[in-house]
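Colleague: Go by the hints and put chain E onto chain L.
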Amino acid sequence: AQSVAQPEDQVNVAEGNPLTVKCTYSVSGNPYLFWYVQYPNRGLQFLLKYITGDNLVKGSYGFEAEFNKSQTSFHLKKPSALVSDSALYFCAVRDEAGGYNKLIFGAGTRLAVHP
Amino acid sequence: SAVISQKPSRDICQRGTSLTIQCQVDSQVTMMFWYRQQPGQSLTLIATANQGSEATYESGFVIDKFPISRPNLTFSTLTVSNMSPEDSSIYLCSVQLAGGMNEQFFGPGTRLTVL
Numbered sequence: 001a002q003s004v005a006q007p008e009d010q011v012n013v014a015e016g017n018p019l020t021v022k023c024t025y026s027v028s029g030n031p032y033l034f035w036y037v038q039y040p041n042r043g044l045q046f047l048l049k050y051i052t053g054d055n056l057v058k059g060s061y062g063f064e065a066e067f068n069k070s071q072t073s074f075h076l077k078k079p080s081a082l083v084s085d086s087a088l089y090f091c092a093v094r095d096e097a098g099g100y101n102k103l104i105f106g107a108g109t110r111l112a113v114h115p
Numbered sequence: 001s002a003v004i005s006q007k008p009s010r011d012i013c014q015r016g017t018s019l020t021i022q023c024q025v026d027s028q029v030t031m032m033f034w035y036r037q038q039p040g041q042s043l044t045l046i047a048t049a050n051q052g053s054e055a056t057y058e059s060g061f062v063i064d065k066f067p068i069s070r071p072n073l074t075f076s077t078l079t080v081s082n083m084s085p086e087d088s089s090i091y092l093c094s095v096q097l098a099g100g101m102n103e104q105f106f107g108p109g110t111r112l113t114v115l
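Those protein sequences? They're chains L and E, same order as listed. The first sequence maps to residues 1 to 115 in this note's numbering. The second sequence maps to residues 1 to 115 in this note's numbering.
Only chain L is shown next, with the shape it has when bound in the complex (with noise of 0.2 Å):
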């Protein structure tokens, strides 16, 4: 079965420096990964995902992913982190059992920026 993990229940940055919120998969197959952000008292939104091709993936508010197969890993990361970006994020996969996409999330990483 599909899976990942967060190892990490919360993450304390400062603000200014750059931060790495972690995540790791087991898959059968190709991977299709995915990071999430969900701010308070609000839904998901999605920030990137990784599918095929280069392994640093760009997606939104500056945030980038690195696919490291070798690992099985996909950290998200962002060079110079903001008190803006204090939430909670969520790793996940895509399992096509039954041949639904359904997304399995991780635990979820609670990322504080300090001022």
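No wet-lab data here; the hints were simulated from the structure. Heads up, the beta-carbon is just placed ideally off N, CA and C, and yes, glycines get one too. Mixed in with the good hints, there may be bad ones.
[Unchecked claim] Which chain L residues stay away from chain E? Per the calculated CB distances, all over 10 Å, these:
| hint | residue |
| --- | --- |
| 1 | Thr-24 |
| 2 | Lys-102 |
| 3 | Gly-106 |
| 4 | Ala-107 |
| 5 | Val-113 |
[Claimed, not checked] Derived CB-CB ranges, DEER-like:
| hint | chain 1 | residue 1 | chain 2 | residue 2 | range |
| --- | --- | --- | --- | --- | --- |
| 6 | E | Thr-113 | L | Ser-70 | 38 to 48 Å |
| 7 | E | Phe-61 | L | Arg-110 | 25 to 35 Å |
| 8 | E | Asp-26 | L | Ser-60 | 11 to 21 Å |
| 9 | E | Thr-30 | L | Tyr-39 | 26 to 36 Å |
| 10 | L | Gly-62 | E | Gly-40 | 20 to 30 Å |
| 11 | L | Pro-18 | E | Asn-82 | 18 to 28 Å |
| 12 | L | Glu-15 | E | Thr-79 | 38 to 48 Å |
| 13 | L | Asp-54 | E | Pro-8 | 21 to 31 Å |
| 14 | E | Gly-40 | L | Tyr-61 | 38 to 48 Å |
Modeller: Below, chain E alone, put in the same frame as chain L:
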């Protein structure tokens, strides 16, 4: 992307009652999904809403408890039946666009509290 609205945005209900949540999309979509996000937890897929046929439920979710309708390509409802406090969650619908590149877009969610 797609603009997705959900009604109601929140509700407080008595145990034993039922609540129907509506999801409306501004464009025709191939797939619609319903997720549950329990307090402080990740998202769990309840079911895939199929247009013109019965929904496909995930393990642990049954039609009698969570009946779903999808009368057309832009609208779906999820009913939470015979509610108990354990049903207190955020319920989110998501869509995958026709011909889209696999990402899902999420509605703002319905925050349900059962007393």
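Colleague: Each hint should be assessed against the structure and marked as holding or not.
Modeller: Each hint, compared with the structure:
no., hint, in the structure
1, Thr-24, "holds, 15 Å"
2, Lys-102, "violated, 5 Å"
3, Gly-106, "violated, 6 Å"
4, Ala-107, "violated, 5 Å"
5, Val-113, "holds, 20 Å"
6, E:Thr-113 <-> L:Ser-70: 38 to 48 Å, "holds, 46 Å"
7, E:Phe-61 <-> L:Arg-110: 25 to 35 Å, "holds, 27 Å"
8, E:Asp-26 <-> L:Ser-60: 11 to 21 Å, "holds, 20 Å"
9, E:Thr-30 <-> L:Tyr-39: 26 to 36 Å, "holds, 27 Å"
10, L:Gly-62 <-> E:Gly-40: 20 to 30 Å, "holds, 28 Å"
11, L:Pro-18 <-> E:Asn-82: 18 to 28 Å, "violated, 49 Å"
12, L:Glu-15 <-> E:Thr-79: 38 to 48 Å, "holds, 44 Å"
13, L:Asp-54 <-> E:Pro-8: 21 to 31 Å, "violated, 42 Å"
14, E:Gly-40 <-> L:Tyr-61: 38 to 48 Å, "violated, 24 Å"
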